[in-house]
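4 protein chains.
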Amino acid sequence: MLHTSRCPEFEKKEGVQKATETLVSNHVDGLVVIGGNGSFNGALELSNHTDAIIVGVPASIDNDVYGTDETIGFDTAVNTAVAEIDKIRDTAVSHERVFIIEVMGRERGFLALEVGLTSGAEIILLPEVKYRKEDIFKIIRGNKAKGKKSGLIVAAEGIGDTRALGEQVQRNTRTEVRLSIIGYAQRGGSPTARSRLLASLFANLAVELLAKEEGNRVVGLQRGRVESIELKKSCGTEKTLDPNLLRLAKILAT
Amino acid sequence: MLHTSRCPEFEKKEGVQKATETLVSNHVDGLVVIGGNGSFNGALELSNHTDAIIVGVPASIDNDVYGTDETIGFDTAVNTAVAEIDKIRDTAVSHERVFIIEVMGRERGFLALEVGLTSGAEIILLPEVKYRKEDIFKIIRGNKAKGKKSGLIVAAEGIGDTRALGEQVQRNTRTEVRLSIIGYAQRGGSPTARSRLLASLFANLAVELLAKEEGNRVVGLQRGRVESIELKKSCGTEKTLDPNLLRLAKILAT
Amino acid sequence: MLHTSRCPEFEKKEGVQKATETLVSNHVDGLVVIGGNGSFNGALELSNHTDAIIVGVPASIDNDVYGTDETIGFDTAVNTAVAEIDKIRDTAVSHERVFIIEVMGRERGFLALEVGLTSGAEIILLPEVKYRKEDIFKIIRGNKAKGKKSGLIVAAEGIGDTRALGEQVQRNTRTEVRLSIIGYAQRGGSPTARSRLLASLFANLAVELLAKEEGNRVVGLQRGRVESIELKKSCGTEKTLDPNLLRLAKILAT
Amino acid sequence: MLHTSRCPEFEKKEGVQKATETLVSNHVDGLVVIGGNGSFNGALELSNHTDAIIVGVPASIDNDVYGTDETIGFDTAVNTAVAEIDKIRDTAVSHERVFIIEVMGRERGFLALEVGLTSGAEIILLPEVKYRKEDIFKIIRGNKAKGKKSGLIVAAEGIGDTRALGEQVQRNTRTEVRLSIIGYAQRGGSPTARSRLLASLFANLAVELLAKEEGNRVVGLQRGRVESIELKKSCGTEKTLDPNLLRLAKILAT
Chain A
34 MLHTSRCPEF EKKEGVQKAT ETLVSNHVDG LVVIGGNGSF NGALELSNHT DAIIVGVPAS
94 IDNDVYGTDE TIGFDTAVNT AVAEIDKIRD TAVSHERVFI IEVMGRERGF LALEVGLTSG
154 AEIILLPEVK YRKEDIFKII RGNKAKGKKS GLIVAAEGIG DTRALGEQVQ RNTRTEVRLS
214 IIGYAQRGGS PTARSRLLAS LFANLAVELL AKEEGNRVVG LQRGRVESIE LKKSCGTEKT
274 LDPNLLRLAK ILAT
Chain B
34 MLHTSRCPEF EKKEGVQKAT ETLVSNHVDG LVVIGGNGSF NGALELSNHT DAIIVGVPAS
94 IDNDVYGTDE TIGFDTAVNT AVAEIDKIRD TAVSHERVFI IEVMGRERGF LALEVGLTSG
154 AEIILLPEVK YRKEDIFKII RGNKAKGKKS GLIVAAEGIG DTRALGEQVQ RNTRTEVRLS
214 IIGYAQRGGS PTARSRLLAS LFANLAVELL AKEEGNRVVG LQRGRVESIE LKKSCGTEKT
274 LDPNLLRLAK ILAT
Chain C
34 MLHTSRCPEF EKKEGVQKAT ETLVSNHVDG LVVIGGNGSF NGALELSNHT DAIIVGVPAS
94 IDNDVYGTDE TIGFDTAVNT AVAEIDKIRD TAVSHERVFI IEVMGRERGF LALEVGLTSG
154 AEIILLPEVK YRKEDIFKII RGNKAKGKKS GLIVAAEGIG DTRALGEQVQ RNTRTEVRLS
214 IIGYAQRGGS PTARSRLLAS LFANLAVELL AKEEGNRVVG LQRGRVESIE LKKSCGTEKT
274 LDPNLLRLAK ILAT
Chain D
34 MLHTSRCPEF EKKEGVQKAT ETLVSNHVDG LVVIGGNGSF NGALELSNHT DAIIVGVPAS
94 IDNDVYGTDE TIGFDTAVNT AVAEIDKIRD TAVSHERVFI IEVMGRERGF LALEVGLTSG
154 AEIILLPEVK YRKEDIFKII RGNKAKGKKS GLIVAAEGIG DTRALGEQVQ RNTRTEVRLS
214 IIGYAQRGGS PTARSRLLAS LFANLAVELL AKEEGNRVVG LQRGRVESIE LKKSCGTEKT
274 LDPNLLRLAK ILAT
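Protein sequence lines correspond, in order, to chains A, B, C and D.
When we follow this note's numbering, the leftmost residue of the first sequence carries the number 34, and every step to the right adds one.
When we follow this note's numbering, the leftmost residue of the second sequence carries the number 34, and every step to the right adds one.
When we follow this note's numbering, the leftmost residue of the third sequence carries the number 34, and every step to the right adds one.
When we follow this note's numbering, the leftmost residue of the fourth sequence carries the number 34, and every step to the right adds one.
In case anyone wonders, no lab produced these hints; they're calculated from the structure.
Be careful, since some hints might not be right.
To be verified - From the derived model, a few chain A residues whose C-beta atoms are all more than 12 angstroms from chain B:
id, residue
1, Glu47
2, Gly63
3, Ile67
4, Asn81
5, Asp97
6, Asp108
7, Ala116
8, Ala178
9, Ser228
10, Ala232
11, Lys245
12, Ile262
13, Thr273
Claimed, not checked - Only part of the chain B face toward chain C is listed, based on derived beta-carbon distances under 10 angstroms:
id, residue
14, Glu117
15, Ile121
16, His128
17, Arg165
18, Lys179
19, Ile214
20, Gly216
21, Ala218
22, Gly221
23, Ser223
Don't be surprised by glycine CBs; every beta carbon is placed ideally from N, CA and C.
Using the sequences and the hints given, assemble the complete structure.
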């Protein structure tokens, strides 16, 4: 078994070599790699050194795997963050404060976008979308002028220093601003029904592919159906944010 | 505003007449009907008596609206039921018992199917699929012979008398059987992120349709995209269970 | 290890004899019995046949052990029921219905009393307190006259046939009444902080008693402190409902 | 109504003066102050300038009010933190990391102590108890030598810079250390059954005191019973951590 939690190793050359030796010495014919983009790049490298049938099953809170609309664990992470923001909103409203909520996502904003949309954030900040601080100040000041004294900004961790941003917003809008970082809890907890369903559907197709000896593929949800694509294609293509969700979020842009 | 919670009235002639008068006397130009199949049948009837632009937004824990893969509230109800079954399983395992869990769904098994799949039920009973009691007994007896002393049967309320079924299973398998009815809690609670996202996406399209004066339509999620279909088509077509999920569930059939 | 989940056996003569033999043949010097009143009666019987040091640790959702203000698991069960009632209330209010919520408790009303008080029930029905149906009708009718169209009745399962009661209330008050049985979920789930704290505190004292060879005792929480009493006294004394909570609940009485 | 959420004002002279004027100009005879230590100090000051009957009801996640074993909201905050740590532990174990979890509590460690005890923390750091960093390193190294590669340190925010501490632990124990700050979510959310019960019991006694015109008192839970003490005594006495819990926690000390 390859611990996907040890991805960093798996992504390095020595990791791949070690994995290759383990597969060969144990006469492993088939391998299911469960993980995100990093694990699949390791799997692709591994496929060059072994004849084992390799199938990728996308599981990641980042939802950053090309070839699937959604990864196992993503819905769970979104709900964990939203449930916590529901609790923070109680303080935001009663104390009339603006909260910056930092969620996970160093390079990709899938999680922040969906958390922002479903938690009722006024502003959503994503690594993929440039924003001007002056626009944030303007929105907060505008809401204040209209009598709305509390507010939520959901930001992916990859957008930069959220603590410094909070201080700037506070200075420029004369509003009390607080920062809350929703951390590793997003990676754990009991999975939601949807994450469990995806796991069952993906596992089912992965086993079918192994049985049919169709390797070097990644299973996934494509427009509501469970399908598979080539591992090489999944690794080599960047998944982009859903333009409909982006539009819905009226995200700050230059 | 039409209380969808008063559907029973709305589905009757007098209800439709009252609604028509309300619309006319208040000079209402557009109407968004939020509800399930029953509400939409009322809306269709209403559309014959008014020029108001009517748009349907599917919201129902039954997921029984043709034209959308998923209704607002469905994901919430599934998660509520699954969370409760997670707690019941603790007793099932520690006391070595078989539990029949009855979930909502008088005529349709969408909820029971997804709850059963994601809660790890050994047997799923749906109104749409005939089953033979002897098959249930056989499965329970077989599991017992293999050393598995506990078990979960998820049943939609529409499959018949679950209490009587439990007694028959107990008698025929010599296993302690308990019944748990997951009731009205499935209709309430804080919505999941997914139910909130659908609500935002559906509302957005509904407003666009109103603005473009395209009435008598029902918005929905079709293979991952938000689209709309004719109200008449939605009301007149029966939505069927996903054959992939059915196969995955290896449901009991004659 | 004695499975407390097999209490029914343990409470019988053969169970005690089997337990005695197990202790002797395994040269067991000390025994911690974790359970409720039934398990402790078995432990008391066992103490007449063995020299092992026996210490009882009260764990039961019924909270029916004399010698402790609270049992491990009680707070968890209360919170599970209250969380579910919070969800049911959504339907009660939106559909203007009266709900009877049946919680566990065949002979004792500790759970129903605390659930009723903390879920905002209008009426609480307990096995220990006689009530007249006419009084229930009067309260519901009175609330209706004042414009309050929904309502919650929390009832312990031991008060009789809640389904029949619901039908009588419906007939006599011309209000839609629904029954919801909060079942075995109350016995499971992740423990609350308070249940975990009691478990640590009780376990700590139990081990101290074993080390000091002070057996035939039951540990417990007495007015905020962790103490122990004689096993015989715990088994022989009936624990009564807290009169302050009873008063607070303004429970229906003849 | 005095917004306890505006305590900072209430604790200042101008705040008290404003409150006095409001009471006088509105002919207020009785006042219930709901809050923590800060609010009660304001109430005490207020009592010198008005004849209104003042009763304090302890509500604070800090549990820092002398005269009550527990404040309204404390149990809710503990459970929120513990539920989040349960999710973080998944990552701690799977990734073999040590987590420092910072919970609220600038000056007092009631919350951190109970969260630490019930979340299974190896180390608990409180503002009231001095600790030596070398002792922390020793424990982590010792656990690592025994094969335990993950770990939890629960720290009150008042113990100093947890980020710097984490870096020191990482350097000195050659273990990956992560920091998670459980922030404002601890102040919100749906109250637990216990917090609701305390609220009912305290409110009940507060109203009785008002009716009997017994002012300048603080209600509270004392060894399991609802009683009241003098407001002056509550404000003037420091509440200390429960020595039994401290011993149970085997807290690091010099």
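Please write out, lowest number first, the hints stated earlier that are contradicted by the structure.
6, 7, 9, 10, 17 and 18
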